[in-house]
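With chain E fixed as given, assemble chain U onto it according to the hints.
First to last, the protein sequences are chains E and U. FYI, my numbering numbers position 348 of the first sequence as 348, with every residue one higher than the one before it. FYI, my numbering numbers position 250 of the second sequence as 635, with every residue one higher than the one before it.
By construction, these hints were calculated from the structure, which means they are not laboratory data. Just to be clear, a hint being listed does not mean it is correct.
As the list claims (entries may be wrong) - From the derived model, a few chain E residues whose C-beta atoms are all more than 10 Å from chain U:
1) Gly60
2) Pro238
3) Ser243
4) Ala275
5) Gly305
6) Val345
Stated by the list, open to error - Computed footprint of chain U on chain E; a stretch qualifies when at least three of its residues, placed anywhere within it, have a C-beta under 8 Å from a C-beta of chain U:
7) 5-16
8) 75-83
9) 204-211
10) 368-382
From the three backbone atoms N, C-alpha and C, an ideal C-beta is built for every residue, glycine too.
Take a look at the letters that make up each chain.
2 protein chains.
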Amino acid sequence: MSVTAAQGFEAAGVAVGLKSTGANDVAVVVNRGPKKVGAAVFTTNRAKANPILWSEQVIGDGLVEAIVLNSGGANCFTGSFGFQTTHQTAEKAAELLGIGAGDVLVCSTGLIGTGDEVFRGKVLDGVDQGIAALSTDGGEAASLAIMTTDSRPKRSVVTRGDWTIGGMAKGAGMLAPGLATMLVVVTTDADLDAAAADAALREATRVSFDRLDSDGCMSTNDQVTLLASGASGIRPDPVEFTSALTELCLDLAAQLQGDAEGASHDITIEVVGAANEDDAVTVGRSVARNNLFKAAIFGNDPNWGRVLAAIGTTDAAFDPYDVDVSFNGVRVCTAGGPDRPREEVDLTPRATHILIDLRVGDAAATILTNDLTHDYVHENSAYSS
Amino acid sequence: MSVTAAQGFEAAGVAVGLKSTGANDVAVVVNRGPKKVGAAVFTTNRAKANPILWSEQVIGDGLVEAIVLNSGGANCFTGSFGFQTTHQTAEKAAELLGIGAGDVLVCSTGLIGTGDEVFRGKVLDGVDQGIAALSTDGGEAASLAIMTTDSRPKRSVVTRGDWTIGGMAKGAGMLAPGLATMLVVVTTDADLDAAAADAALREATRVSFDRLDSDGCMSTNDQVTLLASGASGIRPDPVEFTSALTELCLDLAAQLQGDAEGASHDITIEVVGAANEDDAVTVGRSVARNNLFKAAIFGNDPNWGRVLAAIGTTDAAFDPYDVDVSFNGVRVCTAGGPDRPREEVDLTPRATHILIDLRVGDAAATILTNDLTHDYVHENSAYSS
Chain E
1 MSVTAAQGFE
11 AAGVAVGLKS
21 TGANDVAVVV
31 NRGPKKVGAA
41 VFTTNRAKAN
51 PILWSEQVIG
61 DGLVEAIVLN
71 SGGANCFTGS
81 FGFQTTHQTA
91 EKAAELLGIG
101 AGDVLVCSTG
111 LIGTGDEVFR
121 GKVLDGVDQG
131 IAALSTDGGE
141 AASLAIMTTD
151 SRPKRSVVTR
161 GDWTIGGMAK
171 GAGMLAPGLA
181 TMLVVVTTDA
191 DLDAAAADAA
201 LREATRVSFD
211 RLDSDGCMST
221 NDQVTLLASG
231 ASGIRPDPVE
241 FTSALTELCL
251 DLAAQLQGDA
261 EGASHDITIE
271 VVGAANEDDA
281 VTVGRSVARN
291 NLFKAAIFGN
301 DPNWGRVLAA
311 IGTTDAAFDP
321 YDVDVSFNGV
331 RVCTAGGPDR
341 PREEVDLTPR
351 ATHILIDLRV
361 GDAAATILTN
371 DLTHDYVHEN
381 SAYSS
Chain U
386 MSVTAAQGFE
396 AAGVAVGLKS
406 TGANDVAVVV
416 NRGPKKVGAA
426 VFTTNRAKAN
436 PILWSEQVIG
446 DGLVEAIVLN
456 SGGANCFTGS
466 FGFQTTHQTA
476 EKAAELLGIG
486 AGDVLVCSTG
496 LIGTGDEVFR
506 GKVLDGVDQG
516 IAALSTDGGE
526 AASLAIMTTD
536 SRPKRSVVTR
546 GDWTIGGMAK
556 GAGMLAPGLA
566 TMLVVVTTDA
576 DLDAAAADAA
586 LREATRVSFD
596 RLDSDGCMST
606 NDQVTLLASG
616 ASGIRPDPVE
626 FTSALTELCL
636 DLAAQLQGDA
646 EGASHDITIE
656 VVGAANEDDA
666 VTVGRSVARN
676 NLFKAAIFGN
686 DPNWGRVLAA
696 IGTTDAAFDP
706 YDVDVSFNGV
716 RVCTAGGPDR
726 PREEVDLTPR
736 ATHILIDLRV
746 GDAAATILTN
756 DLTHDYVHEN
766 SAYSS
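Pulled out of the complex, with its shape left as it was, chain E reads as follows (with noise of 0.2 Å):
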């Protein structure tokens, strides 16, 4: 159900072309309310495409009626004539729906630099298109459309009493902290105002998509959008919403790092024992983004002198001859010394847990990335995107 499975939400996803396949590629998510609440967070990169430039304007008032997402081309460095595009897409959802442009956020994935008349034309198509299938149960069909190397969608949904929170998600590369090339819709029918949804979305993506590092690369695209309709007529208590905000915002995250492109291990980096929470994601992140260390689990390698090294490149608070490392368990390293032998370690389930005690402090942070591959390689080298 993804999307349309909170009240007030029609949905639709829609072929026209974008895809060589045939398959959807452009999705429409537009909010029935009663109300009309919206909030974002966008890509750190500064190369930001023309969808992120104008969603970031149509954002700032916290007021969002509708969402059209694309893939099969990310508009991004295509210009004046990209910017357009995207601003066409917006005021023909807009004129359809009989709303303002300025209430339609607009998402592209895809490759870098397409966004010309041919693509134009197939992106207005597919918001004509998209608009005529909205329905209650469009919310599998978005998800499908907005699919690039993912193989399969991402849906979750959390329900809480009389309230409901859907999203949909697609990203399987580029997956970075400042949310790379993934786009993530969640819907609910809270009733929320629009610095709540502000406030719970960036706690929420915080601790979930910001610490999904799967190959370190940042795109230009990322969006994460919330969209309230308050159809339930309950307003929760912030914390409560917050909480199952970010029970759906880690499972589509896991659902993402489960489908990272050509990886063949999930690795969950748990790091403990750290002088404070910014010191225990540094320290996952260097380690999550160690191609020696990445390369190691692909070969189950359980090579903590990989992980201890990526560790000794942070600014971080430990004493390398004081630190603990356990693969799946086992403890291969203690005070920065050979403890149990390697062999012990089985790294062959896809599911690998290495744990890192920097024994300074009590504060702790999880990092998920994905090991480095053949297939990750070839992914990525073979075709363009």
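Showing chain U alone in chain E's frame:
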């Protein structure tokens, strides 16, 4: 000739079984004077191997008489036993040479965590045999003894008038700023005081080894050492000496790049038009470390979008819509938009040139890197290193 090209030096390389192949694995270089000047730069990784911890103490007074290097084991994270091994190595060399242990540098390279009693016995044996084999034409044997996954030795000689600089290097992986798994020994018969040697070495490494960023992974064992014998009797102009030393270091850095693990392209990333040199280095490094860019080059794909996305993650001064990018002389991106068709770019040669013009100032810097290939993944996943 490498480290024995300059007058006043003897060297040897011997095989003591640290390498299972039976190849040379311990090198000794001795400065016979008349001057015994030494300077060194070390990995900036906070997780430092035992030989680094030792050598940092030795170099303090600028006086170095000998250096012992071994492959086949990094002696890193091997506890106090490992530090004692390094200490004993220096003491044994000192005893045999009739000098002080505090004037003997030690370097190790190989698998982290390797440094048990067997390792110690072989290294000490290597000191014995190496010192017995010292000769003024031992530079070649020494350059073979420091190789690990290198497919060939790296040697270079630069002569200016009556003085000479010679050097050897090893390292085919983990090359990164801060000097990663790179061992370099450079000797000269120029007459330098310790301060001049240190200043020249820092400047030369800053623009050579520090700008070689093959895979972004920083080692625990890197060390670049300069030994000066003064045997030529000539005290060169500091600018001229630094220039010659830089030329030699750039040659060795290019040899390291050309032999990087699994690489199929040697990529020169030239950043011009930067506001300052730091910005140019930051931008070049960000592109050099972007796995998607590196995989694209492996696939002979001039994917300039990935270049701009990598630039966008930096804090350098630039406008994403006023950046030009060329691949091998073909301007594929002008002012942040498409220019020449990608079909015009020929990326089949191993030598690859990326030119990035930030168009905000006059500063420039060049970063050397490699592509991300199947062989890189294979070499770093199939074996522990």
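Structure-based check of all given hints:
| no. | hint | verdict |
| --- | --- | --- |
| 1 | Gly60 | holds, 21 Å |
| 2 | Pro238 | holds, 32 Å |
| 3 | Ser243 | holds, 31 Å |
| 4 | Ala275 | holds, 14 Å |
| 5 | Gly305 | violated, 3 Å |
| 6 | Val345 | holds, 12 Å |
| 7 | 5-16 | violated (count 0) |
| 8 | 75-83 | holds (count 4) |
| 9 | 204-211 | violated (count 0) |
| 10 | 368-382 | holds (count 9) |
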